[in-house]
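J.: Let the sequences and hints guide you as you build the complete structure.
So the sequences go chain by chain: C and H. Start counting the first sequence at 1; every next residue gets the next number (full-length UniProt numbering). Start counting the second sequence at 1; every next residue gets the next number (full-length UniProt numbering).
In case anyone wonders, no lab produced these hints; they're calculated from the structure. Check the hints yourself; a few may be wrong.
If several chains are the same, the list does not tell them apart, and a pair holds so long as it fits within one copy or across any two.
[Claimed, not checked] For lysine-lysine, the following BS3-like pairs were computed, each having C-alpha atoms within a straight-line distance of at most 25 Å:
id: 1; residue 1: K3; residue 2: K431
id: 2; residue 1: K463; residue 2: K431
id: 3; residue 1: K414; residue 2: K3
id: 4; residue 1: K314; residue 2: K459
id: 5; residue 1: K459; residue 2: K407
If you want the building blocks of each chain, they are given just below.
There are 2 protein chains.
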Amino acid sequence: MTKERLYLYDTTLRDGQQTQGVSFSTAEKCRIAEALDRLGVDYIEGGWPGANPTDSAFFDNAPKTRATMTAFGMTKRSGRSAENDEVLAAVMNAGTGAVCLVGKTHDFHVETALGIPLDENLENIARSLAHIVAQGREALFDAEHFFDGYKANPDYAIECLRAALEAGTRWIVLCDTNGGTLPVEVGEITAAVIAAGIPGDCLGIHTHNDTESAVAASLAAVDAGARQIQGTLNGLGERCGNANLTTLIPTLLLKEPYASRYEIGVSRDALRSLSAISRQLDEILNRVPMRQAAYVGASAFAHKAGLHASAILKDPSTYEHIDPETVGNARVIPMSNQAGQSNLRRRLAEAGITVAPGDPALARLLDTIKAREEQGYSYDSAQASFEILARKELGQMPSFFEVKRYKVTIERRKNKYDQMVSLSEAVVVVKVDGEKKLSVSESMDAEGCDRGPVNALAKALAKDLGPYQDQIADMRLVDFKVRITQGGTEAATRVIIDSEDAEGRRWSTLGVSPNIVDASFEALLDAINWKLLRAE
Amino acid sequence: MTKERLYLYDTTLRDGQQTQGVSFSTAEKCRIAEALDRLGVDYIEGGWPGANPTDSAFFDNAPKTRATMTAFGMTKRSGRSAENDEVLAAVMNAGTGAVCLVGKTHDFHVETALGIPLDENLENIARSLAHIVAQGREALFDAEHFFDGYKANPDYAIECLRAALEAGTRWIVLCDTNGGTLPVEVGEITAAVIAAGIPGDCLGIHTHNDTESAVAASLAAVDAGARQIQGTLNGLGERCGNANLTTLIPTLLLKEPYASRYEIGVSRDALRSLSAISRQLDEILNRVPMRQAAYVGASAFAHKAGLHASAILKDPSTYEHIDPETVGNARVIPMSNQAGQSNLRRRLAEAGITVAPGDPALARLLDTIKAREEQGYSYDSAQASFEILARKELGQMPSFFEVKRYKVTIERRKNKYDQMVSLSEAVVVVKVDGEKKLSVSESMDAEGCDRGPVNALAKALAKDLGPYQDQIADMRLVDFKVRITQGGTEAATRVIIDSEDAEGRRWSTLGVSPNIVDASFEALLDAINWKLLRAE
Numbered sequence: 001m002t003k004e005r006l007y008l009y010d011t012t013l014r015d016g017q018q019t020q021g022v023s024f025s026t027a028e029k030c031r032i033a034e035a036l037d038r039l040g041v042d043y044i045e046g047g048w049p050g051a052n053p054t055d056s057a058f059f060d061n062a063p064k065t066r067a068t069m070t071a072f073g074m075t076k077r078s079g080r081s082a083e084n085d086e087v088l089a090a091v092m093n094a095g096t097g098a099v100c101l102v103g104k105t106h107d108f109h110v111e112t113a114l115g116i117p118l119d120e121n122l123e124n125i126a127r128s129l130a131h132i133v134a135q136g137r138e139a140l141f142d143a144e145h146f147f148d149g150y151k152a153n154p155d156y157a158i159e160c161l162r163a164a165l166e167a168g169t170r171w172i173v174l175c176d177t178n179g180g181t182l183p184v185e186v187g188e189i190t191a192a193v194i195a196a197g198i199p200g201d202c203l204g205i206h207t208h209n210d211t212e213s214a215v216a217a218s219l220a221a222v223d224a225g226a227r228q229i230q231g232t233l234n235g236l237g238e239r240c241g242n243a244n245l246t247t248l249i250p251t252l253l254l255k256e257p258y259a260s261r262y263e264i265g266v267s268r269d270a271l272r273s274l275s276a277i278s279r280q281l282d283e284i285l286n287r288v289p290m291r292q293a294a295y296v297g298a299s300a301f302a303h304k305a306g307l308h309a310s311a312i313l314k315d316p317s318t319y320e321h322i323d324p325e326t327v328g329n330a331r332v333i334p335m336s337n338q339a340g341q342s343n344l345r346r347r348l349a350e351a352g353i354t355v356a357p358g359d360p361a362l363a364r365l366l367d368t369i370k371a372r373e374e375q376g377y378s379y380d381s382a383q384a385s386f387e388i389l390a391r392k393e394l395g396q397m398p399s400f401f402e403v404k405r406y407k408v409t410i411e412r413r414k415n416k417y418d419q420m421v422s423l424s425e426a427v428v429v430v431k432v433d434g435e436k437k438l439s440v441s442e443s444m445d446a447e448g449c450d451r452g453p454v455n456a457l458a459k460a461l462a463k464d465l466g467p468y469q470d471q472i473a474d475m476r477l478v479d480f481k482v483r484i485t486q487g488g489t490e491a492a493t494r495v496i497i498d499s500e501d502a503e504g505r506r507w508s509t510l511g512v513s514p515n516i517v518d519a520s521f522e523a524l525l526d527a528i529n530w531k532l533l534r535a536e
Numbered sequence: 001m002t003k004e005r006l007y008l009y010d011t012t013l014r015d016g017q018q019t020q021g022v023s024f025s026t027a028e029k030c031r032i033a034e035a036l037d038r039l040g041v042d043y044i045e046g047g048w049p050g051a052n053p054t055d056s057a058f059f060d061n062a063p064k065t066r067a068t069m070t071a072f073g074m075t076k077r078s079g080r081s082a083e084n085d086e087v088l089a090a091v092m093n094a095g096t097g098a099v100c101l102v103g104k105t106h107d108f109h110v111e112t113a114l115g116i117p118l119d120e121n122l123e124n125i126a127r128s129l130a131h132i133v134a135q136g137r138e139a140l141f142d143a144e145h146f147f148d149g150y151k152a153n154p155d156y157a158i159e160c161l162r163a164a165l166e167a168g169t170r171w172i173v174l175c176d177t178n179g180g181t182l183p184v185e186v187g188e189i190t191a192a193v194i195a196a197g198i199p200g201d202c203l204g205i206h207t208h209n210d211t212e213s214a215v216a217a218s219l220a221a222v223d224a225g226a227r228q229i230q231g232t233l234n235g236l237g238e239r240c241g242n243a244n245l246t247t248l249i250p251t252l253l254l255k256e257p258y259a260s261r262y263e264i265g266v267s268r269d270a271l272r273s274l275s276a277i278s279r280q281l282d283e284i285l286n287r288v289p290m291r292q293a294a295y296v297g298a299s300a301f302a303h304k305a306g307l308h309a310s311a312i313l314k315d316p317s318t319y320e321h322i323d324p325e326t327v328g329n330a331r332v333i334p335m336s337n338q339a340g341q342s343n344l345r346r347r348l349a350e351a352g353i354t355v356a357p358g359d360p361a362l363a364r365l366l367d368t369i370k371a372r373e374e375q376g377y378s379y380d381s382a383q384a385s386f387e388i389l390a391r392k393e394l395g396q397m398p399s400f401f402e403v404k405r406y407k408v409t410i411e412r413r414k415n416k417y418d419q420m421v422s423l424s425e426a427v428v429v430v431k432v433d434g435e436k437k438l439s440v441s442e443s444m445d446a447e448g449c450d451r452g453p454v455n456a457l458a459k460a461l462a463k464d465l466g467p468y469q470d471q472i473a474d475m476r477l478v479d480f481k482v483r484i485t486q487g488g489t490e491a492a493t494r495v496i497i498d499s500e501d502a503e504g505r506r507w508s509t510l511g512v513s514p515n516i517v518d519a520s521f522e523a524l525l526d527a528i529n530w531k532l533l534r535a536e
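T.: Set out below in structure tokens:
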């Protein structure tokens with residue numbers, strides 16, 4: 001059986017930008033567009049030219065893409081021709097291969113929001129899209145509130161679609177704008193639209209996640225005959241987000257009944273970059289990646305239950321619906337109060353530590369971990385600190401140096417120009433090979449900017465470790481995460497530090513204390529000790 | 001038309017505990033069970049008695065609930081009778097009204113994982129469930145890997161269900177254990193099971209979110225005739241989580257076609273506590289609540305696009321699929337680079353500041369906010385700091401006091417008992433009514449525990465504000481969130497502080513700096529100034 005082609009339309013750069021707390025710079029939009037193009041989506045909606053400076057600037061600097069670059073706008077206002085509508089003109093001026101215009105199809109909105117007669121709205125739709133086609137662009141019509149509109153007045157809603165179609169529109173996109181329509185109704189109404197004479201291979205689906213069903217509703221529309229899916233990376237979007245392409249892409253490529261029925265522009269090879277692209281977007285947005293995200297989340301293939309973990313060791317297919325590597329993700333056997341010894345031995349093996357089954361040290365180590373987790377430690381996310389803890393328990397951790405004391409001073413005062421300036425200074429005293437070493441550093445960086453007390457402390461600690469200095473020279477702190485957690489009854493601070501070295505190794509270490517500087521210092525110590533372990 | 005009853009089975013305390021990084025204490029399990037009971041679920045699965053100490057302790061101390069308390073376990077092992085299986089005995093000894101046993105229905109797992117003949121597995125199922133029924137308990141059979149099993153060997157999978165049913169089992173639960181089955185297949189296979197003679201009103205559905213479809217798959221099973229839904233609060237669970245009851249409950253109560261077809265044990269009144277229960281669980285787990293969560297997320301009713309915001313002001317139903325208050329949530333009009341002036345005026349109105357439309361100050365304020373957001377500020381999540389910023393721009397912010405300088409010292413050294421101890425000290429110099437005031441505080445709390453530099457700084461700052469001292473006496477710092485964010489080219493630290501006062505007011509303030517202590521100090525200043533504003 002020959003596969004039918006489904007088209008992917010990405011709106012991360014337009015609808016995705018509606019996410020609360022998200023605003024892309026032009027440079028970031030370009031990076032994301034390039035990633036989307038490498039991935040293999042068919043359309044990239046870059047924004048609304050004229051609506052805000054960033055979007056206009058993006059189209060001026062947009063990268064050359066294999067995907068069809070698309071500008072978003074709205075149908076012309078009443079009382080002027082499409083040619084003389086300057087909002088529409090700004091959209092056309094972006095010079096993209098395709099243009100998508102949103103218009104109303106819900107009689108209630110036409111009469112209340114626009115306040116114009118229903119016929120006039122039909123004419124605005126027809127004239128606006130005819131204008132785009134006349135300019136030799138590929139035209140898309142975004143049917144706003146279509147599903148609510150269809151339920152209120154099916155004949156009028158369909159008339160709006162027909163007006164766009166007869167004007168030469170390539171894609172009619174059924175939008176569930178407020179995200180309130182459930183998959184079963186999306187499927188039924190999409191089928192009804194096709195039955196009313198709008199061909200399925202001209203139909204797109206645009207859903208939102210307000211009932212946590214955007215992905216399923218998109219698939220329901222495809223089941224009914226729609227052939228274009230609109231969505232965003234990581235499900236970005238207003239309110240609860242848009243349909244998540246990061247989920248839909250692997251589902252369409254790997255899962256039945258879709259994999260054998262349809263083909264998309266994303267290759268198996270590109271699919272292996274999916275987890276990396278998802279994380280790259282979170283980095284651009286400075287968002288903490290969602291552990292539980294389908295396919296690409298850090299927990300997506302994390303097997304915690306002791307029973308599952310041991311079964312996984314025998315045969316991964318028992319508890320994994322796909323091979324993590326097909327989406328560039330990896331299997332995790334985390335530690336936890338539930339962890340059976342099989343988890344623990346697996347985790348130790350990953351750290352290169354072998355312990356015989358039933359070795360009493362295993363039970364001892366589990367107890368230590370449980371006690372630590374009670375205090376607020378979380379070794380799931382800090383494998384390097386787990387390894388150091390385990391080696392100490394098992395008597396396999398060398399003592400490279402000893403910290404005798406440290407002192408950090410943070411001062412903020414007016415400088416001679418009467419500006420408020422702050423500076424931190426750290427003194428660290430360590431004992432290496434029986435020799436006492438005092439080091440002092442301040443928080444000022446090369447640009448004369450104060451990087452704060454943890455920075456000063458890190459520099460002082462790494463300043464003079466005698467014989468070990470060369471081994472830590474290439475290491476740098478790349479990420480620093482802080483959380484307030486419940487340490488027993490009192491709130492404590494959990495610090496996780498990610499470090500990297502010249503060989504591209506990246507490791508995470510952990511510190512917990514009510515004092516954020518102490519917690520950071522503990523994580524810094526682990527980071528250095530882990531590096532020294534590897535250097536041996 | 002009379003509504004059919006659907007039953008809700010919550011497994012937050014058992015499957016939810018499989019979430020990476022989650023481990024409940026017995027006390028926490030009791031609090032969650034009480035919340036679930038108030039909400040109105042029908043079954044509360046408390047854990048696996050005997051599998052770990054916390055679960056056993058929970059059943060000993062479980063609260064009296066209207067919901068049926070349920071113990072989870074597995075079918076008896078081969079080679080012994082149900083009566084003599086000590087794992088099963090531990091489950092029975094929990095003395096719950098209902099017992100749910102997981103068993104295999106996938107021939108591949110029976111032969112590889114268990115390594116026993118297919119008939120023997122059928123007998124283990126039948127004997128185990130008959131034993132539960134004989135003890136006068138309500139019996140549930142958890143058909144592990146059922147959908148994969150059915151696809152591999154439908155006859156055998158159905159035989160397993162029939163074996164349980166004929167033993168007197170009340171509920172047969174179809175489990176998609178690895179989360180790989182999509183809604184369309186879940187619906188088809190559930191219908192096939194009913195066609196094979198297993199009554200729909202004995203069928204439950206248990207799905208996982210590995211394709212982001214757990215909620216939709218549960219609804220597909222209900223569409224096909226299943227009458228029990230299993231899930232967890234906030235979609236907790238192994239890997240990508242279980243079906244999210246926090247989403248399913250409002251969908252079943254409020255959304256078509258479900259609201260008019262079915263009734264559940266949750267009342268409209270209890271539904272208004274849903275957002276609070278969701279946040280309570282996140283607090284227990286010290287998890288950052290998911291902004292984009294359907295119905296209950298902080299962004300679920302956040303309207304960012306300028307167009308939407310202005311429409312919302314006219315008529316909320318235009319862009320909201322339900323009234324936020326029905327689930328105890330609230331509408332948000334956040335600030336952002338995309339915000340039109342209508343957003344801004346709405347946000348100002350919320351802060352009690354009225355500005356005439358078109359007032360040039362609006363444009364000025366928007367520019368300031370955009371510039372600040374470039375540096376890493378995020379006013380979406382700190383309304384109090386937004387208000388202070390706005391009042392400064394508009395010349396409506398009184399200057400209560402001036403900070404001249406501060407100094408914080410953090411020391412860590414051995415005490416006379418040769419233990420490492422740390423202590424922070426803060427000196428703050430402020431000018432109030434032309435009078436200079438020096439205050440010093442240390443980080444030691446009443447229990448002699450070091451609370452860290454920010455604590456010392458907060459105490460020193462609030463120690464002597466002269467005439468304003470009484471007005472801030474009742475305020476306390478209740479939460480402290482830290483994020484590393486991109487301030488221009490350099491990484492900066494964003495601190496958000498939540499404060500509370502005796503009148504139960506809670507407000508969020510914001511500080512950004514490469515120096516975490518400076519960022520905290522900025523947020524503390526805003527917190528005090530906001531409180532003084534309100535006190536006026």
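J.: Just pull the numbers of the violated hints for me, sorted ascending.
T.: 1, 3, 4
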